[in-house]
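**Q** Generate coordinates for the entire structure from the input sequences, incorporating the hints supplied.
Respectively, the protein sequence lines represent chains Z and R. FYI, our numbering numbers position 126 of the first sequence as 127, with every residue one higher than the one before it. FYI, our numbering numbers position 282 of the second sequence as 295, with every residue one higher than the one before it.
Treat the hints with care, as some may be off.
Some chain R residues close to chain Z (C-beta under 7 Å, calculated; not the full set) [claimed, not checked]:
| id | residue |
| --- | --- |
| 1 | F56 |
| 2 | F107 |
| 3 | Y210 |
| 4 | E213 |
| 5 | E250 |
| 6 | F251 |
| 7 | E252 |
| 8 | D253 |
| 9 | L254 |
| 10 | T267 |
| 11 | F275 |
Since the hints were made in silico from the structure, they are not lab data. Quick caveat, the model's predicted, so the values are computed rather than measured. Glycine is no exception: its CB is placed at the ideal position from the N, C-alpha and C atoms.
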Amino acid sequence: MIWQNPWAWLGLGLVAVPVVIHLLTVHTAKIRRFPSLRFLGDAQRVTSRRTRLSDMALLLIRAGVIAAAVAALAQPWLSTPERVAGAQRNVARAIVVDTSESVRPVLDSARGLAAVLAADAATATIIETAAPSRVLGGVVAWLSEQRGARELVVVSDFQRGAFEANDRSALPADIGLRLVRVMAPPGTDGPVDAWRGVRPVSVHTKIVDDRTSAEWVQGASRAAPTWDIEMLAGERDRARASAALTAALAVNAVTPPRGRPVAIVHPGYEQRDELLRASRPATEPWVAGVVQQLVADSALVVAWSEERLLLFTGTQPGTLAAASFVQSVVHALDATPSVEERAAPFTPDDSVRSWERPVMEATTAGGTGSDGRWFWALALTFIVIETVVRRRSRARTV
Amino acid sequence: MSTALSPAAVAAIDDLELAARLVVEGMRAGGHRSPFHGYSAEFQQHRPYRAGDDLKYLDWKLLARTDRLYSRQFRETTSLAAMIVLDTSGSMGFPEDEKTRGREDETAVSKLRYATVLAASLAYLIAEQGDAVGLLTSAENRLSYVPSRGGKPHLRRVLAALDRVSSGGSWDPARSVARAAELLKRRGVVVVISDFYDAEEETRRELRRAARRGHDVSMIQVVSPEEAELSYGGDVEFEDLESHERRRIDVRATADEYRGRFRAFLDRCEREARRDGIDYALFTTAEDPGPALRRYLLRRAEAQLR
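**A** In C-alpha cells form, the structure reads like this:
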C-alpha cells in the first residue's frame with residue numbers, strides 16, 4: 002500500500018475526539034424524575050464508572066469512521082505485482098541523465114542505462130543535463146501531456162544539489178519516480194578533521210658547521226606532533242631530516258591536515274630503490290593539487306605506496322634546501338583542500354531510496370490513481386452502522 | 014362516532030368536559046348503561062292504606078277504579094351520591110410532560126392527566142343519569158372538595174375543579190378517603206383514583222372502613238408503562254418526585270428485580286381490595302381511556318348482577 006499523501010495520517014489524532022467526548026459524557030449520570038424509589042432497591046456505588054468507557058461498540062465505530070476518512074485522505078494506492086507490472090508496460094518515461102563533471106567517467110554506462118529504460122517504456126524521452134533539478138519543470142510538462150502511467154527516471158551520482166527532496170516534493174503525486182545511481186570510483190565518506198591552528202612550539206636554532214647547515218631543536222612543546230609527514234633518510238641524516246621537518250612546521254606555524262599521509266624520501270635512504278619499485282603512480286584526488294604546488298622542484302618523483310604519497314627528492318637532508326622543500330610540501334598540503342572536502346558529498350543511498358515511488362495506474366488521463374474511494378465507502382458504512390447502533394442505544398436508555 | 018381515542022389525543026384536548034363527553038359518548042355507542050345504581054325513588058308495591066299514612070302516597074287512580082284505599086310503596090327515596098377522590102401528589106405527575114422538557118417527538122400522558130380524564134368521564138356519566146357527584150382533591154396538604162350534588166351546573170363546577178388540579182407535593186390518602194366517606198351523608202359511591210404508592214396500609218384501612226359504612230368503594234389504580242417497565246439503560250440517577258431524594262442505580266442490573274417488586278405491589282393491591290370487598294381496576298396510561306373505562310364499567314355491572 003502506497004500513501005500518496007502520508008501527512009494526512011496526522012489527522013488520525015482526531016480519533017481521540019470521540020474518546021474524549023465519550024469520557025466527558027459518561028461523567029454525568031442522567032437524572033430522571035421518578036414517581037417512587039420504593040421499588041428501586043438500594044443505591045449502588047457506581048462512581049468508578051466515571052472514567053470507564055461505556056458503549057464500547059459505539060466508540061469503536063466512531064473511531065473507525067475517523068480512521069477510514071483519514072486513510073482515504075492519505076490517498077492510498079494498493080501496489081499489487083500485477084498492477085505495478087501493468088503500469089510499467091504502459092508507462093510514459095522521461096529519463097534525465099546527469100552529465101556533470103563527477104558523472105563524466107561513467108557517462109557511457111549512464112547513457113546505456115537510459116537507452117535500456119527508454120526502450121522498455123511505451124513513450125520515452127532522454128534529457129542530458131549537468132543540472133537535473135533545473136530541467137524538472139520541462140520534464141513534468143512533457144509527462145503531463147502523456148496518457149496513462151508516467152514515470153521520471155534520474156540517472157546520476159546524486160551529488161548534493163543534483164536532485165534534492167524539494168525537487169521530489171515538487172513533482173505531481175501521480176508521477177512515479179525512479180532514481181538510478183551511477184558512481185565514479187572511489188568516494189570516501191570519512192569524518193573531516195578540520196582543525197587548523199597554531200601548534201605551541203618553541204624553537205632554538207644553532208649553527209653547526211657552515212652557513213648551509215643548521216640544526217633545529219624542538220623545545221618545550223606542549224603537545225606531541227601529530228602530522229602525517231614522514232622523513233625517510235639515511236641513518237646518518239635521519240636526525241637532520243627530522244629537525245628540518247620540525248623547523249619547517251614551526252616556521253609555517255600550521256599543522257598539515259590529517260588524512261593526507263606523505264613520506265619525503267631523501268637521497269641517502271637505504272630502501273629508496275625498493276620503495277620506488279613497489280610504488281605505483283599517484284592517482285589520489287588530492288595529490289594533483291599538491292604536486293602542482295611542488296612542480297618547481299625538478300628532482301621530484303611522485304609515487305604512491307602503502308597508502309601514502311612518496312616524494313622522492315634530490316635535496317640532501319639537513320640542508321636549508323631540504324627544509325625549504327619540506328616547507329613547500331606543508332604549504333602545498335595545507336593549501337590544497339583535504340580529501341574529505343574535495344570528495345563530493347553525495348546524497349546517501351537511504352534518502353535516494355526513500356524518495357522513489359512506484360508508477361501508478363492512471364484511472365483517467367491526467368487523473369490521480371487512488372484507492373481512497375474504498376476507504377470513503379468504509380467510512381460511509383461505519384456512519385450507517387453508527388446511526389443504527391446509536392438509535393438502538395437511545396431506545397434502550399429512554 | 015369513533016371510540017378510538019388515544020391517551021395522547023385525550024390529553025391534547027384542553028376542554029375537559031369535551032374530553033369526558035368523548036369518552037362517555039364513545040362508551041354509550043356500545044349500548045351500555047352506567048352501572049352506578051343509586052337509591053332513586055322507584056315504585057315497589059301497593060299495600061292497604063293504614064290510618065296515618067301520608068295521603069300523598071295514596072293511589073287515587075286505583076281508588077277511583079276499585080273504590081279501595083291503597084298506599085304506594087317505594088324501594089328507596091334517595092338518588093345516588095358519588096364522591097370522586099383524586100390523588101394529585103407529585104408521583105401522579107409522571108411521566109412529566111415531555112414537551113416542556115424539549116422532547117417533542119414523544120407525547121407521554123402523565124398519570125394525573127389520565128386520571129383527570131377518567132374522573133371527568135365518571136362525573137359526566139353520573140351527572141348525566143341524574144345522580145349527584147362530588148370531587149375531593151388535596152393541594153399542599155389541604156383538602157379541597159366540591160360537594161356531591163346533581164345537575165348540570167354542578168357538573169361544570171366539578172369539571173372546572175378537575176381542570177385546575179396540578180401534581181405536586183405529597184398526599185395523605187387515608188385522610189382523603191376518610192373525609193370523602195364523611196362528606197357523603199348517606200350511603201354512596203366513593204371512587205378513589207390514585208397510584209396508591211403512599212401509605213399503603215393506612216389507605217387500605219380507610220377504604221375498608223368506608224366500605225363497612227355501607228359505601229360502594231372503588232379503587233382505580235393508574236400506572237404508566239414507563240414506571241412498570243423501567244425501560245432505561247445504564248446509570249441513572251433517580252429523583253423521587255415527592256421526596257426529591259436521589260438514588261443512583263445501574264438500571265440494567267436492577268431492572269428485573271424492580272419489575273418483580275412492582276408487579277408484586279400491583280398484585281397485592283388487587284388481592285387486598287378484593288378481600289375487603291372493594292372494587293378494583295388497574296388502568297395504564299398507554300390504554301385508550303374510552304374502551305378501558307367501558308371494560309371496567311361492564312365488569313362492574315356484571316359483578317352487581319351477580
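**Q** Provide an ascending list of the numbers of those earlier hints which the structure does not satisfy.
**A** 1 and 4
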